[in-house]
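Undergrad: Residue numbers (the working numbering), protein chains in the order written: chain A, 307 to 580; chain B, 738 to 1455.
The set of hints was computed from the structure by calculation and includes no laboratory data.
Watch out, some of these pointers could steer you wrong.
The calculated lysine-lysine pairs, modelled on DSBU-like cross-linking and capped at a C-alpha distance of 30 Å, are [as the list claims (entries may be wrong)]: (1) A:K512 with B:K1380; (2) A:K512 with A:K471; (3) B:K1245 with B:K1216; (4) A:K456 with B:K887; (5) A:K459 with B:K887; (6) A:K482 with B:K882; (7) A:K512 with B:K1431; (8) B:K770 with A:K512; (9) A:K512 with B:K887; (10) A:K482 with B:K770; (11) B:K1216 with A:K482; (12) A:K459 with B:K770; (13) A:K471 with B:K1147; (14) B:K770 with A:K456; (15) B:K770 with A:K445; (16) A:K471 with B:K770; (17) A:K459 with B:K882; (18) B:K882 with A:K512.
Okay, the calculated beta carbon distance ranges per label pair [to be verified]: (19) B:E1168 with A:S419: 27 to 37 Å; (20) B:A1405 with A:I412: 40 to 50 Å; (21) B:A838 with A:S419: 53 to 63 Å; (22) B:I865 with A:T451: 33 to 43 Å; (23) B:A1097 with A:N411: 40 to 50 Å; (24) A:A413 with B:R1430: 33 to 43 Å; (25) B:K1431 with A:G475: 29 to 39 Å.
Glycine included, each C-beta is placed from N, C-alpha and C at the ideal position.
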Amino acid sequence: MNAETPVEAIPTADDRKIGPVLMEMKHITLRFGGVKAITDISFDIREGEIRSIIGPNGAGKSSMLNVISGFYVPQEGEVWFRGARRPQMKPYQVARQGIARTFQNIALFDGMSVLDNIMTGRLTLMKTGLAAQSLWWGKAQREETEHREKVEKIIDFLEIQAIRKTPVGRLPYGLKKRVELARALAAEPMLLLLDEPMAGMNVEEKEDMCRFILDVNDEFGTTICLIEHDMGVVMDLSDRVVVMDYGKKIGDGTPDEVRGNQAVIDAYLGVAHD
Amino acid sequence: MTETQPAEGLVSIPALLARNARERMDRPAYREKEFGIWQCWTWQQAHQEVRALAMGLLALGLNRGDFVAIVGRNRPSMYWSMVAAQMCGAVPVPLYQDAVAEEMAYVLDHCGARFVICGDQEQVDKVIEVQDRIHHIEQVVYVDKRGMRKYDHSRMNALADVLAEGRAAHFRFESELDARIAELTYDSTCVMLYTSGTTGKPKGVVLSNRNIIETAKASVAFDHLGQDEEVLAYLPMAWVGDFIFSIGQAMVAGFCVNCPESPATMLTDLREIGPTYLFAPPRIFESMLTSVMIRMEDAGDLKHALFKHFMEFAKGTGETYGMPRYRKQQSKPTLRRRLRWAYRFAMGIGFAVETILENAVRGFFVRLRHPIEARKYFKARGPLLNLYPQPWRDYFSYRTGEVLVYGPLKNTLGLSRIRVAYTAGEAIGPEIFEFYRSIGINLKQLYGQTEASVFITQQPDGQVRSDTVGVPSPGVEVKIADNGEVFYRSPGTFVEYYKNADSTASTKDSEGWVATGDAGFFEPGTGHLRIIDRAKDVGKMADGALFAPKYVENKLKFFPDILEAVVFGAGRDRCCAFINIDLNAVGNWAERNAIAYSSYQELAGHPKVYAMIRAHVEEVNRSLAADPILSSCQVHRFLILHKELDADDGELTRTRKVRRNIIAEKYADLVAALYGGAKTIATETEVTYEDGRKGHIRATLTLADAEVVPVAERRAAA
Ligand SMILES: Nc1ncnc2c1ncn2[C@@H]1O[C@H](COP(=O)(O)OP(=O)(O)O)[C@@H](O)[C@H]1O
Ligand SMILES: [Mg+2]
Chain A
307 MNAETPVEAI
317 PTADDRKIGP
327 VLMEMKHITL
337 RFGGVKAITD
347 ISFDIREGEI
357 RSIIGPNGAG
367 KSSMLNVISG
377 FYVPQEGEVW
387 FRGARRPQMK
397 PYQVARQGIA
407 RTFQNIALFD
417 GMSVLDNIMT
427 GRLTLMKTGL
437 AAQSLWWGKA
447 QREETEHREK
457 VEKIIDFLEI
467 QAIRKTPVGR
477 LPYGLKKRVE
487 LARALAAEPM
497 LLLLDEPMAG
507 MNVEEKEDMC
517 RFILDVNDEF
527 GTTICLIEHD
537 MGVVMDLSDR
547 VVVMDYGKKI
557 GDGTPDEVRG
567 NQAVIDAYLG
577 VAHD
Chain B
738 MTETQPAEGL
748 VSIPALLARN
758 ARERMDRPAY
768 REKEFGIWQC
778 WTWQQAHQEV
788 RALAMGLLAL
798 GLNRGDFVAI
808 VGRNRPSMYW
818 SMVAAQMCGA
828 VPVPLYQDAV
838 AEEMAYVLDH
848 CGARFVICGD
858 QEQVDKVIEV
868 QDRIHHIEQV
878 VYVDKRGMRK
888 YDHSRMNALA
898 DVLAEGRAAH
908 FRFESELDAR
918 IAELTYDSTC
928 VMLYTSGTTG
938 KPKGVVLSNR
948 NIIETAKASV
958 AFDHLGQDEE
968 VLAYLPMAWV
978 GDFIFSIGQA
988 MVAGFCVNCP
998 ESPATMLTDL
1008 REIGPTYLFA
1018 PPRIFESMLT
1028 SVMIRMEDAG
1038 DLKHALFKHF
1048 MEFAKGTGET
1058 YGMPRYRKQQ
1068 SKPTLRRRLR
1078 WAYRFAMGIG
1088 FAVETILENA
1098 VRGFFVRLRH
1108 PIEARKYFKA
1118 RGPLLNLYPQ
1128 PWRDYFSYRT
1138 GEVLVYGPLK
1148 NTLGLSRIRV
1158 AYTAGEAIGP
1168 EIFEFYRSIG
1178 INLKQLYGQT
1188 EASVFITQQP
1198 DGQVRSDTVG
1208 VPSPGVEVKI
1218 ADNGEVFYRS
1228 PGTFVEYYKN
1238 ADSTASTKDS
1248 EGWVATGDAG
1258 FFEPGTGHLR
1268 IIDRAKDVGK
1278 MADGALFAPK
1288 YVENKLKFFP
1298 DILEAVVFGA
1308 GRDRCCAFIN
1318 IDLNAVGNWA
1328 ERNAIAYSSY
1338 QELAGHPKVY
1348 AMIRAHVEEV
1358 NRSLAADPIL
1368 SSCQVHRFLI
1378 LHKELDADDG
1388 ELTRTRKVRR
1398 NIIAEKYADL
1408 VAALYGGAKT
1418 IATETEVTYE
1428 DGRKGHIRAT
1438 LTLADAEVVP
1448 VAERRAAA
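Isolated chain A (complex conformation) (with noise of 0.2 Å):
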């Protein structure tokens, strides 16, 4: 293992590797107008982990993630990336870094096909640009192909090889959101964002959507932050769990340090389970 991080043991449900820390959230304050979203929030996700956010509705879940991803620019705080101060970026800077993600309303290309909304999603790659594009055919093809194959690889990875051609909005939800990860795995991000990636699924897509996110995580090493409600999947998929309510953190911890934690209790959970 790597001597100049030293990692101290994180237990977890198998002997996946965590890494040492990616990205750390350093006291985060994020207002609107009057109205604050996120007080003075610390956290870090480390590199090969399954980390999730989860609080009541309003908590302030979704504004941390674009916090993450460069939609929102926190008043206070700092964003470090891979041990680095992150300075203010633009969105599709962030994306260029590696950090993809998927939005909690679907935000796809409905009369486009599967495919090509996949491809969309490797434009942050894609070197030549449209005027070389024009001039450069032969190089413009050969990256294209290149692209495709990328893609070709990940609709196979994700089961969705029936629906290659089919236009997006002609699909049920479930299939939608699984074309949504598609296009963010697309990007072969390092970090993966998944805004509510089950709501308003039924138990049988959830296991699928359960499954294939353990799967990009185990397969490609991707880091993923997950914001999700359904405590049961919440429970079984992280590796570490960031508890909000109100804006600020009142919990952090492993699955079950987090059940176990007093306040957590009280303000989220209602009654412990079990």
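Place chain B with the ligands on chain A using the hints.
TA: Same frame as chain A, now just chain B with the ligands:
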């Protein structure tokens, strides 16, 4: 039986593979769609892959006579595993991939497999689940590496690694492998297939190289199959049909086996490959037809009218004008054939243009005058001018239909290049059968079973009818016993049931005659066989009249709205039935008729659905009444079940045949209610979900009466 040996020493599948690699080197042998592209292996490449795999298995310690269980979806590597096992002197045992761990455990235990080759993680998980009870499994090999990294690999290997090991170690194993291949004889075991069976535990049918190769040769000759054939391998690998088709016939004739990308893309892949030879159970043809019909219901007026007209027209003329020329020899398209084709096509286009023009003009005026009734008008009268005398008119019309309707239809179904298609496994609905034949698809029927290496009877080109299963296949002798049971004897007749001498003895007599368990008779005049039902299911009713439930069930199932039917009546005074609606067809019908429903259960119990199903039942009753032998099988009362009958609940076999006794037992309360007087009944049923968990559903079902045609004369006579 003739105990001949084939001349060229081609006594095993590995030997045939070696011959193909020599003689057909660069011709395609296997294709598989992966990552959106068709990957291809030539015979030579396939041969090398199989040899490398076999050496890898030798390195893992595979012995002569071992059983190698193979479970996964159709992929070239799975087929290669079977042949590789044969090369090592082991016996491949393909399993149904959708079997739950419990069912798999029985088969693995029964054959004592030391090696299991799995398609993916899902199958590996099942094997691991049963491994605590079955201790003889030593090695698990898996094809798809996905999700497998975390597993304990002390006794588990990726197929790619086994292949690499085989290649690396080929100096050590080359001679050993050749020696083992040389040991194979015409009578050594080729494969062992477990039959699902409608009763009891599955039985392992042992088939020898002779069985498979002789049968494949005869059937390849029967239909003039050659190396240019394209087939799509999508049927369960554990089914004997797939083994004969994708291994036996493919190796003998040397044609290419195409594997779909995933089960869900089957229809797209079918279209892309355009198979020339197809083997499918009736339900595949049924679901294809249903999807066409649903799409046509939503089509525009003109399209709908054309479709209706030409389909109606094709019913009488398709046999004459539509069938592909029955070819005796394989050949590349000659200039003459191309010219004939171009001529036919040009003819069709000419008439098509004329038809469309004429209809556009007429349609315009009709719509001006009666805007609402346009569709009715087109339905009422054919869209063609009647300028030509018969039979020219029919010929031209059919060519027009070919361009406008049949051609595009065959194209969307992926069936435009079909020369021979077989339906087997169950009876097919006459409407469905006629539909495919009328648009020029040479769909034929076949009667067979695992114990016969498939073929017992089949229909020769040009002698095809929906109600018979054809004449005995070449080399097969068939006789009918006094009680109506069909017996056969052929080179394909199985060796034995594995570790089950009793069953072997009760099925196959000392002269080699095998009881099929089906009742049937040869039609006088044509010599074609007709099957009525399972011999043991042909029972007697209380008054001694014949009770043939499957016959009635098939009649019911021929309606697209009815997915499954179960008829009761043995030892009773009248027949009653359970009905399963087809959610696809009925759901669509409900949508078109603005009937709202929130669940399968609600739709199944809807009064309008009941009314529709009653009409179907009464139609069946009328046709049964016309047949004096079967007239007492008319259905007096029926109910629509609140859940689909499911193989996971043990109600159907894996090949979707109903298990009547199990159903009668499980739903005893419903059967009793059918024979009682009640109008409704509340019931509770246990169901198994896909993941194996169990649950309960509760429902209140309606019991409905159906009108029967009185059969007083026959009763009086009896
Ligand atoms: N763009 C915005 N403008 C104003 N207020 C916002 C905006 N985004 C979020 N908020 C407020 O911030 C709080 C946290 O919202 P959000 O992060 O969406 O919560 P969660 O995802 O946990 O349900 C809410 O009170 C919400 O009204
Ligand atoms: Mg939110």
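Undergrad: Where does the structure disagree with the numbered hints, that is, which hint numbers, in rising order?
TA: Numbers 11, 21, in rising order.
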